[in-house]
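Student: Residue numbers (our numbering), protein chains in the order written: chain W, 2 to 510; chain X, 68 to 558.
If you're looking for bench data, these hints aren't it; they were derived computationally from the structure.
Note that CB positions come from ideal geometry on N, CA and C, so glycine has one too.
Any given hint could turn out to be false.
[Stated by the list, open to error] From the structure, some residues in chain W lie toward chain X, with a derived Cβ separation under 7 angstroms:
hint : residue
1    : L311
2    : R315
3    : D317
[Said to hold, decoys possible] 25 angstroms max Cα-Cα, derived SDA-like pairs, lysine to any residue:
hint : chain 1 : residue 1 : chain 2 : residue 2
4    : W       : K248      : X       : A439
5    : X       : K408      : W       : S173
6    : X       : K406      : X       : K216
7    : W       : K297      : W       : S318
8    : W       : K85       : X       : N168
9    : W       : K160      : X       : A404
10   : W       : K248      : W       : D276
11   : X       : K529      : W       : S173
12   : X       : K216      : X       : L431
13   : W       : K22       : X       : K529
[Claimed, not checked] Quick list of the computed label-pair ranges, beta carbon to beta carbon:
hint : chain 1 : residue 1 : chain 2 : residue 2 : range
14   : X       : L410      : W       : P32       : 52 to 60 angstroms
15   : W       : D397      : X       : L431      : 15 to 23 angstroms
16   : W       : D301      : X       : V170      : 30 to 38 angstroms
What follows is the residue order along each chain.
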Amino acid sequence: MSVLPDRYEMVIGLEVHTHLKTASKLFSPAPVQYGKEPNHSVYPIDLAMPGVLPVLNERVVELSIRLGLAIHATVNPYSVFARKNYFYPDLPKGYQISQFEEPVVSEGWLDIEVEVAENAESGSTGTGKEKKKKKGAAPNFERKRIGITRAHIEEDAGKSIHDVSIAGSEDSCIDLNRAGVPLLEIVSEPDLRSAQEATAYLRALRSILRYLGVSDADMEKGQFRCDANVSLRLRGAPEFGTRTEIKNLNSFTNVEDAIEAEALRQLELIEDGEDVVQATMAYDPERHRTSVMRLKENSDDYRYFPDPDLIPLRIDSAQIEAVREALPELPEEKRNRFEGEYALSAYDAGVLTATRSLADFFEATARDCGAPKVAANWITRDVLRELKERECELEDLSLTPGMLGKLIALVEEGRLTARSASQLFPYLVSDGGDPETLMVERGLEAVSDVGAIDGFVDEVISANADVVEQVRDGDDKPLNFLMGQVMKASQGKAEPGQVRKALADKIRG
Amino acid sequence: MGQAESLLAGGLAEIREGLDRGDATSSEIVEASLARIEKTAALTVVVSTRAESALAEAESASKRIAAGQALSPLDGIPVLLKDNIVHAGEPATCSSRILENFVSPYDSTVVERLQAAGAILVGRANMDEFAMGSSTENSIHGPSHNPWKLDHACGGSSGGSAGAVAAGLVPIALGSDTGGSIRQPASFCGVVGVKPTYGRVSRWGLVAFASSLDQIGPLGRRVSDCAAALQVIGGHDPRDSTSVPEPLPSLVNALTGNVEGLTIGLPEEYFVEEGVDPAVLARVREAIAELEAAGAKTVPVSLPNSPNTIATYYVIATAEASSNLARFDGVRYGRRADKVKDLEDLYMRSRSEGFGAEVKRRILLGTYVLSAGYYDAYYGQAQRVRTLIRRDFEHAFETCDVIATPTMPETAFALGAKADDPLSMYLSDIYTVSANLAGLPALSMPCGLADGMPVGLQLIGKSLDEATILRVGDALERRTDHHAARPPEIA
Chain W
2 MSVLPDRYEM
12 VIGLEVHTHL
22 KTASKLFSPA
32 PVQYGKEPNH
42 SVYPIDLAMP
52 GVLPVLNERV
62 VELSIRLGLA
72 IHATVNPYSV
82 FARKNYFYPD
92 LPKGYQISQF
102 EEPVVSEGWL
112 DIEVEVAENA
122 ESGSTGTGKE
132 KKKKKGAAPN
142 FERKRIGITR
152 AHIEEDAGKS
162 IHDVSIAGSE
172 DSCIDLNRAG
182 VPLLEIVSEP
192 DLRSAQEATA
202 YLRALRSILR
212 YLGVSDADME
222 KGQFRCDANV
232 SLRLRGAPEF
242 GTRTEIKNLN
252 SFTNVEDAIE
262 AEALRQLELI
272 EDGEDVVQAT
282 MAYDPERHRT
292 SVMRLKENSD
302 DYRYFPDPDL
312 IPLRIDSAQI
322 EAVREALPEL
332 PEEKRNRFEG
342 EYALSAYDAG
352 VLTATRSLAD
362 FFEATARDCG
372 APKVAANWIT
382 RDVLRELKER
392 ECELEDLSLT
402 PGMLGKLIAL
412 VEEGRLTARS
422 ASQLFPYLVS
432 DGGDPETLMV
442 ERGLEAVSDV
452 GAIDGFVDEV
462 ISANADVVEQ
472 VRDGDDKPLN
482 FLMGQVMKAS
492 QGKAEPGQVR
502 KALADKIRG
Chain X
68 MGQAESLLAG
78 GLAEIREGLD
88 RGDATSSEIV
98 EASLARIEKT
108 AALTVVVSTR
118 AESALAEAES
128 ASKRIAAGQA
138 LSPLDGIPVL
148 LKDNIVHAGE
158 PATCSSRILE
168 NFVSPYDSTV
178 VERLQAAGAI
188 LVGRANMDEF
198 AMGSSTENSI
208 HGPSHNPWKL
218 DHACGGSSGG
228 SAGAVAAGLV
238 PIALGSDTGG
248 SIRQPASFCG
258 VVGVKPTYGR
268 VSRWGLVAFA
278 SSLDQIGPLG
288 RRVSDCAAAL
298 QVIGGHDPRD
308 STSVPEPLPS
318 LVNALTGNVE
328 GLTIGLPEEY
338 FVEEGVDPAV
348 LARVREAIAE
358 LEAAGAKTVP
368 VSLPNSPNTI
378 ATYYVIATAE
388 ASSNLARFDG
398 VRYGRRADKV
408 KDLEDLYMRS
418 RSEGFGAEVK
428 RRILLGTYVL
438 SAGYYDAYYG
448 QAQRVRTLIR
458 RDFEHAFETC
468 DVIATPTMPE
478 TAFALGAKAD
488 DPLSMYLSDI
498 YTVSANLAGL
508 PALSMPCGLA
518 DGMPVGLQLI
528 GKSLDEATIL
538 RVGDALERRT
548 DHHAARPPEI
558 A
C-alpha cells in the first residue's frame with residue numbers, strides 16, 4: 002500500500018482550512034457569497050478603509066463550539082485574536098486577523114477507518130494514540146485515533162488574479178469577495194502514517210463539518226483546503242525526520258498524490274545521503290511532483306500580536322452546554338447506532354453514515370418499508386451506483402425515501418418480483434412517481450395466481466423434457482434453469498417462491 | 068462686529084443662548100464661522116471646509132430652532148473635525164501625502180451622532196500626520212500657528228482643533244488623543260480638551276494610530292461646552308468592539324459647581340521642580356489652591372511607575388501603529404507611486420513617498436519591537452509595565468476622587484524648536500500618556516498664563532468617571548476667568 006520501502010514510514014500532519022457556514026463575514030456585515038461578480042461582496046471593512054473596525058460574527062463562535070465538541074476537544078473559555086502581519090495585495094489590512102497563542106479549540110481527536118493489508122500485522126500502519134481492532138468490520142479495516150492539536154478562527158484573504166484572460170490586462174487584479182470570510186484552521190497531530198490515512202482523516206473531518214452544518218466544505222469552491230506536513234523516518238525510530246509543508250492542496254486526489262510525491266522526493270534525498278531541508282512546497286499535479294516554494298529559514302516574520310481592536314473571546318460553560326444540547330448525532334454515534342438498531346454490518350453502517358443526507362435517506366426508507374437490511378442493500382448498491390453514474394447528489398434525484406420504501410415493501414409483500422423492482426427503479430430515479438401505480442400501469446404486478454403459474458410451469462416442463470428428467474434423477478442444478486425459463490415465460494412477473502414450489506411439485510410429485 | 072460674530076467669539080453657551088433667543092440664526096453663525104476660518108487661513112488650523120453643505124444644513128437648523136425644536140445643545144452649532152475622523156464624501160488626509168486625495172465613503176460614529184444632534188460640520192482641522200507628533204508641524208498642509216503667538220506651535224497632534232477653538236473659529240472641535248494629543252494642544256492654546264475613558268467614544272471612523280490608546284474627545288472654550296459635546300458623541304457603539312457598554316450619565320447635570328469634600332490627589336512624582344517650567348508649576352498650584360478654597364481636600368498620591376511611562380507608551384503605540392498603517396499600501400486607495408516595476412517597488416515607493424519622516428520613524432520602531440526575538444523584551448515587557456501603571460492609578464484612586472497635574476511641563480514652544488529633537492518632544496508627554504495607558508478620562512483646562520502663554524491644568528479621573536473631572540473643572544472655571552483670556556494677536 003505504501004509507496005515507500007518497508008523500512009520507512011511517513012509521518013503526516015494536516016492543516017485544514019474550512020470556510021464556516023455563515024451569512025456574513027467574520028468581522029464585517031458583508032454577505033458571504035460564492036460566484037459573485039468580483040468585488041461585489043465587499044464593505045468598507047473588507048477594503049480596510051481608514052477608520053474601520055472589526056466586530057466578531059457571533060455565529061462563528063457557535064460553529065467553533067460545535068466543532069470543538071464534535072472532536073472531543075477543549076473549547077477554551079478565553080481565546081485571543083491576533084494580527085498576523087504581512088504585505089500582500091489580497092490582504093487589505095496588511096495583516097490577517099487570526100488566533101495564535103490562544104486558540105478557541107484545543108486538544109481533540111477524531112477516529113478514522115484505516116484499511117490494512119490482509120496480511121499486515123497489527124500495528125504496522127502507525128502509532129496512533131489509541132487503536133483497536135474493530136469487530137464486525139470488513140476484515141481489513143481498523144479504527145485509528147488521530148489527535149487534533151487545535152482549531153482556531155481566522156479570516157480568509159481575497160484572491161489575486163494574474164491570469165490575463167480573466168484579469169483582462171497584463172496587470173494583476175484583486176477580488177476581495179472572499180476577503181474576510183470566516184475560516185477554522187484545524188491542525189492535526191502528526192499521527193497519520195500514509196497518504197490514504199490522510200485522506201481518510203480529511204473525509205471523516207469533512208463529514209463531521211457537514212453533519213454539524215459548520216461548513217459546506219466544498220473543495221471545488223475552495224471551502225475546504227489542506228496543507229500537509231510530511232516527513233520520513235525509519236520505521237520504529239523515536240524521532241521525527243525533518244518535515245516539509247505542502248501548501249494549498251485542493252482535492253483528495255491531490256492530497257494523496259502530493260504526499261506520495263513528496264515522500265518519494267524525501268526518500269531519494271535520504272537514500273542519496275542528503276538532508277531534507279525545512280521548506281514550503283508546492284505540488285504540481287500535471288508533473289506529479291513537489292517543488293520548493295521557499296525555505297523556512299527565509300520565512301517571513303509575521304510579528305503576531307493581540308489585535309487591540311478586538312476584545313478577547315470569552316465563552317462560558319452555559320453557552321457550551323446550549324450548543325451541546327442542540328448538537329446533531331455525529332457520524333460515529335450514528336454508525337454505532339445503525340449497527341445495533343438495524344443489525345447492519347460495520348461496513349454498511351459506515352457507508353450509510355458518510356453523509357447526513359444519506360443516513361437520513363436510509364432511515365426514512367427503512368421506516369417506510371420495515372426492512373432495514375433490504376433498504377441498506379438497495380441504497381448501498383443501487384442508489385449509490387446511480388449517484389456515481391450521474392455524478393450528482395442525493396437531493397438531485399427524483400427518488401424519495403417514500404418511493405424506495407414502497408418499492409421495497411411491494412417486493413416484501415410478494416406483489417412485485419425483485420426483477421420487476423429493478424426494472425421500475427430507474428424510472429423512479431429519473432422521474433419519480435408512485436411505485437404501485439407504475440407497477441400496475443406497466444403490468445408488472447407479480448403473478449401469484451396458481452392457475453397462471455401452473456400454466457407457465459406446464460409449458461416449460463413439456464418443452465424441456467430432458468432437463469426435467471435430470472431433476473427427477475435428483476440433480477437440483479437444472480432446477481434453476483427451469484426456474485429461469487418460467488420467469489422468462491412470465492416476463493419476470495411470476496412470484497419466484499410459487500414457481501419453485503410448482504416446479505418441485507410437478508416434477509418430483 | 069455683528070451679532071453672530073460677537074456670539075461666535077464667546078463659546079458654546081453664548082451661541083446657544085443667542086440662537087435660542089433669536090439674536091442670530093444658525094445660518095448666520097455658520098456664515099460667521101466660515102468667514103472667520105477664511106480670514107485666519109494663515110493660521111493653517113483648518114485644512115478643508117464644506118461651506119455649501121454646512122450652510123444648507125444650517126438653514127434647516129435655523130428653522131428647527133426658530134420653531135423651538137432644537138435637537139440638542141449642539142443644534143445649529145458649527146463644529147470642526149480633526150482630519151483623521153472620517154465623514155462620508157469629505158477628504159480625510161490625516162495630514163499625509165498618502166491620503167492626499169482620499170475621500171471617505173462612509174461616516175464615523177461621531178459624525179453620525181453630531182449630525183443627528185443637529186451640529187453643523189463646517190470643516191476639518193490640521194493635525195500631525197496620522198496623529199504622530201506634538202506640534203502639528205508634521206503636516207502636508209504646513210504647520211499650524213498658535214493664535215497666542217504666531218511663531219509658536221499649537222501643540223499636537225490635534226493642534227488644528229485647539230488652535231481653531233482658541234482663535235474663535237468654532238466653539239467646539241473634535242480631536243483624538245493617543246498620548247495627550249487633545250490635552251497638550253488644549254494646554255498650549257488655552258482651551259479645554261477632554262480625553263474620555265478608553266471605549267467611551269466610538270472609534271468607528273477614527274483613522275487608527277494606536278488602537279488600544281486612541282480616543283476621540285471634544286475641545287471647547289469651557290468645561291461645560293465640552294461636557295455638552297461629549298454627551299452627544301459618547302456612549303456605546305456596537306461597531307467598536309472596545310466600546311464600553313455602560314451608559315453615559317448626564318454630564319451637564321454633573322456640573323454642580325460644588326467640590327466640597329472632594330479629594331484631589333497630587334502625584335508626588337509630578338510635582339517636582341526638575342524638568343518643569345516653574346511658572347507652569349506655579350499656575351497649577353494656584354488652581355489647586357483655588358479648589359481647596361472651594362472646599363476640596365488634597366492628598367499626596369504616588370504613581371511609582373511614572374518613570375517608565377514614556378518608554379512603555381512608545382513601544383505600544385509604535386507597535387500598533389506599524390500594523391495599523393500597513394493598509395496604506397497604494398493598492399486600493401490613497402497615493403500609489405508612478406510607473407512601478409513590480410509589487411515590491413509599488414509598496415516601497417508608495418510608502419516611501421507617501422509617509423513623512425516621523426511616521427516612518429514610528430513604523431520602523433514598531434516593526435522592530437514586534438519582530439521575532441524582540442517581542443518579549445519590548446512589546447511583552449511594555450504590556451506588563453502597562454498593567455503596573457494601571458495598578459498605580461487604581462491604588463491612588465483608593466484615596467482620592469481625581470488626580471491633578473500640570474498638562475505639560477512647559478508652555479507652547481516656537482515652531483521648529485524641536486523639529487530635530489524627536490526625543491525631547493516624546494519626553495514632554497510625561498504627564499499625559501499615563502492616562503492613555505491606563506485608559507482613564509482626563510482633561511486639560513486653562514489655569515492662567517506664564518510669560519503670556521497659556522498653562523494647562525490636567526485632571527485625571529477614575530475609569531468611566533468623566534462626570535467628576537468635568538465637575539471639578541467646571542467648579543474651578545466658575546471661580547476663575549482663565550477661560551475668558553483671548554489670544555492677543557488675533558483678537
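Student: Each hint needs a verdict: does it hold in this structure or not?
Tutor: Do the hints match the structure? See the list:
1. L311: holds (5 angstroms)
2. R315: Interface hint status for R315 (chain W): violated (12 angstroms vs cutoff 7 angstroms).
3. D317: violated (17 angstroms)
4. W:K248 <-> X:A439: holds (23 angstroms)
5. X:K408 <-> W:S173: holds (13 angstroms)
6. X:K406 <-> X:K216: violated (44 angstroms)
7. W:K297 <-> W:S318: violated (40 angstroms)
8. W:K85 <-> X:N168: It is violated: about 29 angstroms lies between the C-alpha atoms, which goes past 25 angstroms.
9. W:K160 <-> X:A404: Answer holds: K160 (chain W) to A404 (chain X) is near 23 angstroms, not above 25 angstroms.
10. W:K248 <-> W:D276: Roughly 21 angstroms separates the two Cα atoms, so the pair holds.
11. X:K529 <-> W:S173: violated (52 angstroms)
12. X:K216 <-> X:L431: Status violated; Cα separation ~34 angstroms.
13. W:K22 <-> X:K529: Roughly 43 angstroms between the alpha carbons, so the hint for K22 (chain W) and K529 (chain X) is violated.
14. X:L410 <-> W:P32: 52 to 60 angstroms: violated (30 angstroms)
15. W:D397 <-> X:L431: 15 to 23 angstroms: violated (58 angstroms)
16. W:D301 <-> X:V170: 30 to 38 angstroms: About 33 angstroms separates the Cβ atoms of D301 (chain W) and V170 (chain X), which means 30 to 38 angstroms holds.
Hint check: violations occur at hints 2, 3, 6, 7, 8, 11, 12, 13, 14, 15; the rest are consistent with the structure.
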